[in-house]
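Enquirer: Take a look at the letters that make up each chain.
Number of protein chains: 2
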Amino acid sequence: MKVAFQGEIGAFSEEAVLALYEAAELAPRPSFEAVFEAVETGTVARGVVPIENSLFGSVHVNYDLLRTHDVGIVAEVNLRIRHHLMAPHGVEMADVRRVYSHPQALGQCAAFLRERLPHAEAVSAYDTAGAAKMVAERQENGAAAIASERAAAEYGLAVLAAGVESNHQNYTRFLALARAEEAEEEPAHTGQRKTSIVYAMRQNVPGALFKSLAVFALREIDLYKIESRPLVGSPGAYLFYLDFEGHRDDDPVRRALDHLGEIASTLKILGSYPKGRVVE
Amino acid sequence: MKVAFQGEIGAFSEEAVLALYEAAELAPRPSFEAVFEAVETGTVARGVVPIENSLFGSVHVNYDLLRTHDVGIVAEVNLRIRHHLMAPHGVEMADVRRVYSHPQALGQCAAFLRERLPHAEAVSAYDTAGAAKMVAERQENGAAAIASERAAAEYGLAVLAAGVESNHQNYTRFLALARAEEAEEEPAHTGQRKTSIVYAMRQNVPGALFKSLAVFALREIDLYKIESRPLVGSPGAYLFYLDFEGHRDDDPVRRALDHLGEIASTLKILGSYPKGRVVE
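Top to bottom, those sequences are chains Z and A. Going by my numbering, the first residue of the first sequence is number 1, and it counts up by one from there. Going by my numbering, the first residue of the second sequence is number 1001, and it counts up by one from there.
One chain only, chain Z, in its complex shape:
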């Protein structure tokens, strides 16, 4: 099965793809838009994109793409983001003079670099996997990269230090997408399921959000996520992202969604899918 993701081979998104689809045929794409288009046109069977990170928040651009593309969510996974210091075999910690990585990764590993490699220069690269690839290809003296374990394996680098990020509570949630038609036909999985929606309420309705949540609270449906997002250019107008327990076709969720449809100005059901596991 062909699965699209954004980034280079060895990127965290690729780990998410393989955590979801062990036998996936990897289809890297240069942008999130390209991933959504590949799914929509049927060029690939699935697309995998990040939707929120435990330190850096929701990826609104992917929520926007979910709203505007004819795709549905069919699965999710929570991936622990672990950074490793890596270099060509034979290079030791004492030899490292330059460390290449994505600026965000370098920032997350700043304490380690300051303490263990105070004389090394931190050099920014486009992405973590790209930094590992470059270090492997160039074999430049004293060069190392900070990237994932998978990148080390992919580019034949040795891990000099594992888990060098300062905050270990770093998880990214990824969604697996299929064409909307196909997503709706997915068999209702056994086990715990959840549903994701995006909706807006009519403006100037006092307590609009509270009313929309009553739809779920009065039916004792548990919420897993809620987030408001101001609509730029429309003061007082908001989009709401909601994740809650249950499948769109089963009561009481089916009735709750009907009820929400009566009072919301727009509502898009993004998908019903099994609750994802956490990959440490």
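Derived from the structure by calculation, the hints contain no laboratory data. Watch out, some of these pointers could steer you wrong.
[As the list claims (entries may be wrong)] Think about it this way: if two alpha-carbon atoms lie no more than 27 Å apart in a straight line, the pair counts; the simulated DSSO-like pairs of lysine-lysine are:
{"#": "1", "chain 1": "A", "residue 1": "K1211", "chain 2": "Z", "residue 2": "K211"}
{"#": "2", "chain 1": "A", "residue 1": "K1211", "chain 2": "A", "residue 2": "K1225"}
{"#": "3", "chain 1": "Z", "residue 1": "K268", "chain 2": "A", "residue 2": "K1211"}
{"#": "4", "chain 1": "A", "residue 1": "K1268", "chain 2": "Z", "residue 2": "K225"}
{"#": "5", "chain 1": "Z", "residue 1": "K225", "chain 2": "Z", "residue 2": "K275"}
{"#": "6", "chain 1": "Z", "residue 1": "K275", "chain 2": "A", "residue 2": "K1211"}
{"#": "7", "chain 1": "A", "residue 1": "K1002", "chain 2": "Z", "residue 2": "K211"}
{"#": "8", "chain 1": "A", "residue 1": "K1268", "chain 2": "Z", "residue 2": "K211"}
Given the structure of chain Z, go ahead and fit chain A onto it with the hints provided.
Expert: Just chain A now, kept in the frame of chain Z:
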């Protein structure tokens, strides 16, 4: 008044500082932690940090620092993020061979680069202002940077193309922080005010979020922002971020906060402050 911010002179955070405090004495710091510490210890009078972006979501790390430091919010501003292509005077579009910027900025301007500079190489740098500084200092043939208007002015570069980002709905909300004591003594401003809080509800209370929102809805207090954040390592436990209208010392907000205190397991009032303007 000394105001700390994260980044180099010419960074977007510096623009936010000057939008809030025209006569500020700029105190750049290498990290958000360092900004919070400078405010807490009184080394600076104010600190300014980003808290959410319209495309990339909330900056959870700064919410965490707000929870754990003895500081309070005293003001906010929404800054439009505009990217410009800039180079030393005399360089023309046709001469540009390499474009330096932060990877996120390069990504936001990818369509412009592909269309207008198909043969130029995009090279990542630590931050947008740093890229502008480097291009100005090195005077390397064919080098340009993507950064803010302020960075162009600061480093004496000419703007070759303005507003080159693909999505113009790019705004970042910044908060101004003072020591907690001082923030509480801030005079109650006239005009529209808002209050920000972070709280958690006792686990396994069905409809806990709905109950906590009832505290505000029943008193007809308008909400401006709501966001849940799962507590990593505590399944089923969430933090809630809430912004709503009114000042902490005035009814009905004072009573609503007392009420929330009765049912929440933790509650921190982050500050009451005037609603901020939008700087285009």
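Enquirer: For every hint, state whether the structure bears it out.
Expert: A quick look at each hint next to the structure:
A C-alpha spacing of about 12 Å is found between K1211(A) and K211(Z), which places the hinted pair at or below 27 Å, so the restraint holds. With a CA separation close to 17 Å, the supplied pair K1211(A) and K1225(A) stays within the 27 Å bound. A distance of roughly 26 Å separates the Cα atoms of K268(Z) and K1211(A); the hinted pair therefore holds under the 27 Å criterion. Proximity of K1268(A) to K225(Z) is assessed by CA-CA distance (about 21 Å); at most 27 Å being required, the pair is judged to hold.
Our distance criterion of 27 Å between C-alpha atoms is met by K225(Z) and K275(Z), whose separation comes to about 13 Å. Distance restraint check for K275(Z) and K1211(A): the Cα-Cα separation of roughly 25 Å lies within the 27 Å cut-off, and the hinted pair is therefore satisfied. A C-alpha spacing of about 45 Å is found between K1002(A) and K211(Z), which places the hinted pair above 27 Å, so the restraint is violated. At most 27 Å may separate the alpha-carbon atoms for a hinted pair to count; K1268(A) and K211(Z) meet this at roughly 26 Å.
Going through the hint list in order, the structure does not satisfy hint 7, though it satisfies all others.
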